[in-house]
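Participant: Protein chains in written order, with my numbering: chain A, 1 to 150; chain B, 1 to 168.
Everything labelled a hint here was simulated from the structure, so no lab data went into it. Any given hint could be a false lead.
[Unchecked claim] Reference excerpt, derived from the structure (chain A facing chain B, CB under 10 Å, subset only):
1) Tyr56
2) Asp98
3) Pro116
4) Ser121
5) Leu125
6) Asp129
7) Ala134
8) Val137
9) Arg147
For each residue, glycine too, the CB sits at the ideal point set by N, CA and C.
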Amino acid sequence: MSKNTRNTAFRKVDVDQYGEEVYEEDQTADEGATGPSDAEVQSMLAKGRNGDALQYVLTNAPLTSKNQGVKDKAAQTVLKVLMSLKANEIEGSLKGLDQAKQDTLMKYIYRGFENPSEGSSAQLLVWHDKLFAATGVGSIVRVLTDRKRV
Amino acid sequence: MSTTLQPYLKAVRQTLTAAICLENFSSQVVERHNKPEVEVRTSKELLLTPVTISRNEKEKVLIEGSINSLRISIAIKQADEIEKILCHKFMRFMMMRAENFIVLRRKPVEGYDISFLITNFHTEQMYKHKVVDFIIHFMEEIDKEMSEMKLAVNSRARISAEEFLKRF
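Based on the provided sequences and hints, a complete structural model is requested.
Facilitator: So this is what it looks like as structure tokens:
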């Protein structure tokens, strides 16, 4: 008997990772997606162009980025925009969104719920209600199943 | 504060209706086994994005879905010490009888007060919309029962203190 039969380290090897059908998260990370620029959003909000600010942040959402910091910053910017819109302006701004943007908006609404602050949840609930009226259950299902997390 | 209750319950109801689409899925890891994937969490491709809905900093609902199961965790509003104790005891009472509830989980998820686990077998046996109705009804009733219990505790304490102090 040789000496290395005592070595039981082979038991700790995870053999499942070497299987052929192992699922791997989509590796393509778009490093260029840096999210919306804060200064741009600030200027739009200052001018009162809230609908445009919403369009801008949704178009530049860093969905493909792997950098968590970028995503967090973008989420904060979107939350700011969502808080700034008044209840009666919400419906108007929703009209201009296509399906992809509506899904992204729904993702951000749920992201906003995760970090509740003073009065934010109440406003987000209004957004959720109005957006649901426009899109239906489909957008929630797409939020749950989409791998591109916001 | 109560103006957010109905929109909150509505949002939870809509999210639950979307997430409760479950189908049978045998375990990919162990043959001939069928496990709720949201509990086992071995295969990432079977899990959906977990979603939170909050009414304020204290009250929120976490919905974690997967292909064959759904976990709903509820954080209940506990304003002071006595509500914390009441909530804890009440939830413990129900969780000990989880088998009779069918969809209740015996231990709440970390950070929440009570959790439900709904599997595809439950949705095959029961109507989905009724299960969702049950969860929403549960959330409404809990708050009412907690306030009732708190009032009962306070009035009992007052009466017993009165009786005791009548001696002096």
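Participant: Now tell me, hint by hint, if it's right for this structure.
Facilitator: Against the structure, the hints come out as follows:
no. : hint   : verdict
1   : Tyr56  : violated (24 Å)
2   : Asp98  : violated (20 Å)
3   : Pro116 : holds (4 Å)
4   : Ser121 : holds (5 Å)
5   : Leu125 : holds (4 Å)
6   : Asp129 : holds (6 Å)
7   : Ala134 : violated (13 Å)
8   : Val137 : holds (5 Å)
9   : Arg147 : holds (8 Å)
Of the numbered hints given earlier, the model fails hints 1, 2 and 7; all others are met.
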